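Novice: Letter by letter, the chains look like this.
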Amino acid sequence: GQNIDQPTEMTATEGAIVQINCTYQTSGFNGLFWYQQHAGEAPTFLSYNVLDGLEEKGRFSSFLSRSKGYSYLLLKELQMKDSASYLCAVRDRDYKLSFGAGTTVTVRA
Amino acid sequence: IAGITQAPTSQILAAGRRMTLRCTQDMRHNAMYWYRQDLGLGLRLIHYSNTAGTTGKGEVPDGYSVSRANTDDFPLTLASAVPSQTSVYFCASGPEGGGYNEQFFGPGTRLTVL
Numbered sequence: 001g002q003n004i005d006q007p008t009e010m011t012a013t014e015g016a017i018v019q020i021n022c023t024y025q026t027s028g029f030n031g032l033f034w035y036q037q038h039a040g041e042a043p044t045f046l047s048y049n050v051l052d053g054l055e056e057k058g059r060f061s062s063f064l065s066r067s068k069g070y071s072y073l074l075l076k077e078l079q080m081k082d083s084a085s086y087l088c089a090v091r092d093r094d095y096k097l098s099f100g101a102g103t104t105v106t107v108r109a
Numbered sequence: 110i111a112g113i114t115q116a117p118t119s120q121i122l123a124a125g126r127r128m129t130l131r132c133t134q135d136m137r138h139n140a141m142y143w144y145r146q147d148l149g150l151g152l153r154l155i156h157y158s159n160t161a162g163t164t165g166k167g168e169v170p171d172g173y174s175v176s177r178a179n180t181d182d183f184p185l186t187l188a189s190a191v192p193s194q195t196s197v198y199f200c201a202s203g204p205e206g207g208g209y210n211e212q213f214f215g216p217g218t219r220l221t222v223l
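Chains A and B, in that order, are what the protein sequence lines are.
Numbered by the working numbering, the letters in the first sequence go through residues 1 to 109 in order.
Numbered by the working numbering, the letters in the second sequence go through residues 110 to 223 in order.
Here chain A stands alone, though its shape is the one from the complex:
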């Protein structure tokens, strides 16, 4: 099984940078995903890591260290529309996802 931990809430100012950490314990690691979920909406895919290192996609970057069971999602140049929940999810060898409880990010003007 998977045990996935991420902070419950974070607050940051528009234009700033925020880093959301995710730690996991897994019986079989087969990739890590980050999803964004706005209130009342479905989760949408942000990033995927399976090898150690940094993946960059525009203002969003995701990092993975498999040996430490650790990932982070970095949001740069924060905009008001980035206020949402960010979900860390680990895929197992059967291709099923286990999700953390999510981190609610509030961006203030």
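Treat the hints with care, since some could be wrong.
Said to hold, decoys possible - Over 12 Å on every C-beta distance to chain A, these chain B residues come out as not near it, computed from the model:
| id | residue |
| --- | --- |
| 1 | Leu-122 |
| 2 | Ala-124 |
| 3 | Asp-147 |
| 4 | Gly-149 |
| 5 | Arg-153 |
| 6 | Thr-180 |
| 7 | Ser-189 |
| 8 | Val-191 |
| 9 | Glu-211 |
| 10 | Arg-219 |
| 11 | Leu-220 |
| 12 | Thr-221 |
Claimed, not checked - With beta-carbon atoms standing in for the labels, derived distance ranges:
| id | chain 1 | residue 1 | chain 2 | residue 2 | range |
| --- | --- | --- | --- | --- | --- |
| 13 | B | Gly-162 | A | Glu-77 | 17 to 25 Å |
| 14 | A | Asn-30 | B | Lys-166 | 14 to 22 Å |
| 15 | A | Arg-59 | B | Ala-123 | 45 to 53 Å |
| 16 | A | Lys-68 | B | Leu-223 | 39 to 47 Å |
No wet-lab data here; the hints were simulated from the structure.
Remember, it's a predicted structure, so these values are computed and weren't measured experimentally.
Glycine is no exception: its CB is placed at the ideal position from the N, C-alpha and C atoms.
For this one, chain A is given, so just place chain B on it according to the hints.
Specialist: Leaving out everything else, chain B in the frame of chain A:
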């Protein structure tokens, strides 16, 4: 249809009633999933299907059943609803297998059991 759809959008249900949540995708994905999302607990997998004709149990399967008669449809049935099944239910689909294959989520069904 574009992507993945769910019906109904929301439902209020009396305890003990039977209810089927519908999910349809038009992306020809082999794998489909049902999750429930509760405050503070995140998304939890109820049942899944890797391909038409097969299903499997997830983390919280008790009280729920699924079927996968074809590629596009994956209904979730609550045989006798209980208040603890009050939740937001998300259906998802994705290509079977690993690699850069993310799951796509439907808009969700908000279910209240009284």
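Novice: Next, verify each hint and record whether it holds.
Specialist: These are the hints, each one checked on the structure:
1. At roughly 20 Å, the least C-beta separation between Leu-122 of chain B and chain A is larger than 12 Å, which holds for a residue marked as non-interface.
2. For Ala-124 of chain B, the condition that its CB be more than 12 Å from all CB atoms of chain A holds, with the nearest at approximately 25 Å.
3. With a least CB separation of 9 Å from chain A, Asp-147 of chain B falls inside the 12 Å interface cut-off, contrary to its annotation.
4. Distance check for Gly-149 of chain B against chain A: the nearest CB is about 6 Å away, which does not clear 12 Å, and the non-interface claim fails.
5. In this structure Arg-153 of chain B is not separated from chain A by more than 12 Å, as the shortest Cβ-Cβ distance comes to only about 7 Å.
6. Non-interface status of Thr-180 of chain B relative to chain A is upheld: no Cβ of that chain comes within 12 Å, the nearest being about 17 Å off.
7. Its beta-carbon lying about 27 Å from the closest one in chain A, Ser-189 of chain B satisfies the requirement of being farther than 12 Å from that chain.
8. Even its closest Cβ contact with chain A, about 23 Å, leaves Val-191 of chain B beyond 12 Å, as expected for a residue assigned away from the interface.
9. Against the 12 Å criterion, Glu-211 of chain B falls within the reach of chain A, whose nearest CB is about 4 Å from its own CB.
10. Taking the minimum C-beta to C-beta distance to chain A, about 9 Å, the non-interface status of Arg-219 of chain B is violated against the 12 Å cut.
11. For Leu-220 of chain B, the condition that its CB be more than 12 Å from all CB atoms of chain A holds, with the nearest at approximately 15 Å.
12. Consistency note on Thr-221 of chain B: stated as away from chain A, and its beta-carbon is indeed over 12 Å from all of that chain's, at 15 Å minimum.
13. Taking 17 to 25 Å as the suggested C-beta distance range, the pair Gly-162 of chain B and Glu-77 of chain A does not conform, at roughly 47 Å.
14. Distance hint for Asn-30 of chain A and Lys-166 of chain B: a CB-CB separation of about 19 Å, consistent with the stated range 14 to 22 Å.
15. For Arg-59 of chain A paired with Ala-123 of chain B, a C-beta distance near 47 Å keeps the hint of 45 to 53 Å intact.
16. Distance hint for Lys-68 of chain A and Leu-223 of chain B: a CB-CB separation of about 46 Å, consistent with the stated range 39 to 47 Å.
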